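K.L.:
Protein chains in written order, with numbering that gives the first Met the number 0: chain A, 0 to 131; chain B, 0 to 204.
Simulated from the structure, these hints should not be mistaken for laboratory data.
The model shown is predicted, which means the values in this text are computed figures rather than measured ones.
No residue lacks a Cβ here, since even glycine has one placed at the ideal position from N, Cα and C.
Be aware that a few hints might be false.
[Stated by the list, open to error] Just the calculated beta-carbon pair ranges, DEER-fashion:
id, chain 1, residue 1, chain 2, residue 2, range
1, A, Lys-127, B, Gly-124, 32 to 40 Å
2, A, Glu-59, B, Asn-137, 39 to 47 Å
3, B, Glu-122, A, Gly-41, 37 to 45 Å
[What the hints assert, rightly or not] Listed next, the in silico DSBU-like pairs over lysine-lysine satisfying Cα-Cα at most 35 Å (straight line):
id, chain 1, residue 1, chain 2, residue 2
4, A, Lys-114, B, Lys-151
5, A, Lys-85, B, Lys-151
6, B, Lys-64, A, Lys-85
7, A, Lys-127, B, Lys-151
8, B, Lys-54, A, Lys-2
9, A, Lys-84, A, Lys-121
10, B, Lys-167, A, Lys-85
11, B, Lys-96, A, Lys-84
12, A, Lys-84, B, Lys-151
13, B, Lys-64, A, Lys-126
14, A, Lys-85, B, Lys-152
15, B, Lys-113, A, Lys-85
16, A, Lys-126, B, Lys-167
17, A, Lys-2, B, Lys-152
18, A, Lys-127, B, Lys-168
19, B, Lys-54, A, Lys-84
20, A, Lys-60, B, Lys-96
21, A, Lys-20, B, Lys-96
22, A, Lys-2, A, Lys-85
23, B, Lys-167, B, Lys-151
24, A, Lys-114, B, Lys-113
25, A, Lys-60, A, Lys-2
26, A, Lys-85, B, Lys-54
27, A, Lys-84, B, Lys-167
28, B, Lys-96, A, Lys-121
29, A, Lys-121, B, Lys-54
Here is what each chain is made of, one letter per residue.
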Amino acid sequence: MDKVSLVLVSHSREIADGLKKLLGEMQPEVAIAAAGGEEDGGIGTNAEVIARAVEEVYTEKGTVILFDLGSALLNAELALELDGKKQNVRIADAPMIEGGLAAVIEAGFGSSVEKTAEAAEKAYEMKKIDRS
Amino acid sequence: MITTGTAENWMENFKELILQNKDELTTLDQAIGDGDHGINMARGVQEMHAMLQEKTFETPGALLKAAAMVFISKIGGASGPLYGSALMKIAAEAGDKAELTDQDLLACLEAGKKAVQQRGRAETGEKTMYDVWDPIINTFRGEETIDWKAFKKAAEQAVDSTVDMHAKKGRAAYLGARSIGHTDPGAFSSRLFFEALADAAQEEN
């Protein structure tokens, strides 16, 4: 695989699955895995669910994780520690939808994992309405 | 002295205390959190109990590591990775020792405290479980033997200290000053964690 892949971590399975579908429409050539909800589909995040999603799409080129709220970050970090072998993963500090869109487009160009994560993080600066 | 049996009693006592206080944890979490702490913790300790029934362990470290994995996979949310990471580091510090002295145990708890701090990016006074872990370990650091009665008392006082705190982490942080006046649910379950340890260690002596 010559492109960076994405993992979407949300407290809601539907949000993660829905965003995966949305981003897949925008750029079908980037591998995306959804890690939404608890093991049983309930609201929450779970390190093992995230670890499996990373496993699903990880490549040597790297993987960027996008997450929604608080404990999603705790569980994403723990998932990476549990595995320990997947060195080339970046957790992006980004708004999930806008950052996901920026990341999937950047990854589609064959950019590095650093550049893809950076594109996601820059989404914080993007204004949706110009009020000037 | 903590043997594999003591570690098992610690975890089993924790299960009992969580189940006895499940409704209290839910009530506390409904006030400032998302209301699932009692349910999540109860599910985790029940799964842990089932695992302990099924397996046998040679050392306290091996038992606590297995308990950590159950917490990580079955509790989820923030409590799963926090308790899971703490137990993982406690187990790593215990290594393959068959028995832990009180000093060994304090070193283990210190490692667990650091895990809670790092995983949760927690600081003192933010109204989290760290506000129980930190003062307890600070109080007993360097002691040769642990006075378990004082240990339980310290845990209780630490929980009470969270009432006046202004939450800075988790869902409670969105409440801002409205979080003041409530006991932190994670601090309360942490008190039960230490109470369970004290009871197990006392039984041993």
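K.L.:
Each hint should be assessed against the structure and marked as holding or not.
P.N.:
Evaluated hints:
1. A:Lys-127 with B:Gly-124: 32 to 40 Å: 36 Å, holds
2. A:Glu-59 with B:Asn-137: 39 to 47 Å: Distance hint for Glu-59 of chain A, Asn-137 of chain B holds at roughly 45 Å.
3. B:Glu-122 with A:Gly-41: 37 to 45 Å: 30 Å, violated
4. A:Lys-114 with B:Lys-151: 51 Å, violated
5. A:Lys-85 with B:Lys-151: 41 Å, violated
6. B:Lys-64 with A:Lys-85: 22 Å, holds
7. A:Lys-127 with B:Lys-151: The given pair, whose Cα atoms are some 53 Å apart, is violated under the 35 Å limit.
8. B:Lys-54 with A:Lys-2: 43 Å, violated
9. A:Lys-84 with A:Lys-121: Holds: Lys-84 of chain A and Lys-121 of chain A sit about 28 Å apart, inside 35 Å.
10. B:Lys-167 with A:Lys-85: Holds: Lys-167 of chain B and Lys-85 of chain A sit about 32 Å apart, inside 35 Å.
11. B:Lys-96 with A:Lys-84: Cα-Cα ~27 Å, so holds.
12. A:Lys-84 with B:Lys-151: The given pair, whose Cα atoms are some 40 Å apart, is violated under the 35 Å limit.
13. B:Lys-64 with A:Lys-126: 47 Å, violated
14. A:Lys-85 with B:Lys-152: 44 Å, violated
15. B:Lys-113 with A:Lys-85: 24 Å, holds
16. A:Lys-126 with B:Lys-167: 27 Å, holds
17. A:Lys-2 with B:Lys-152: Status violated; Cα separation ~56 Å.
18. A:Lys-127 with B:Lys-168: 28 Å, holds
19. B:Lys-54 with A:Lys-84: Roughly 28 Å separates the two Cα atoms, so the pair holds.
20. A:Lys-60 with B:Lys-96: 41 Å, violated
21. A:Lys-20 with B:Lys-96: Roughly 50 Å separates the two Cα atoms, so the pair is violated.
22. A:Lys-2 with A:Lys-85: 16 Å, holds
23. B:Lys-167 with B:Lys-151: Given pair Lys-167 of chain B, Lys-151 of chain B holds - Cα atoms ~26 Å apart, limit 35 Å.
24. A:Lys-114 with B:Lys-113: The given pair, whose Cα atoms are some 32 Å apart, holds under the 35 Å limit.
25. A:Lys-60 with A:Lys-2: Holds, at about 6 Å.
26. A:Lys-85 with B:Lys-54: Answer holds: Lys-85 of chain A to Lys-54 of chain B is near 30 Å, not above 35 Å.
27. A:Lys-84 with B:Lys-167: 33 Å, holds
28. B:Lys-96 with A:Lys-121: Outside the cut-off at roughly 49 Å; violated.
29. A:Lys-121 with B:Lys-54: 49 Å, violated
Of the hints listed earlier, those the structure fails to meet are numbers 3, 4, 5, 7, 8, 12, 13, 14, 17, 20, 21, 28 and 29, in rising order.
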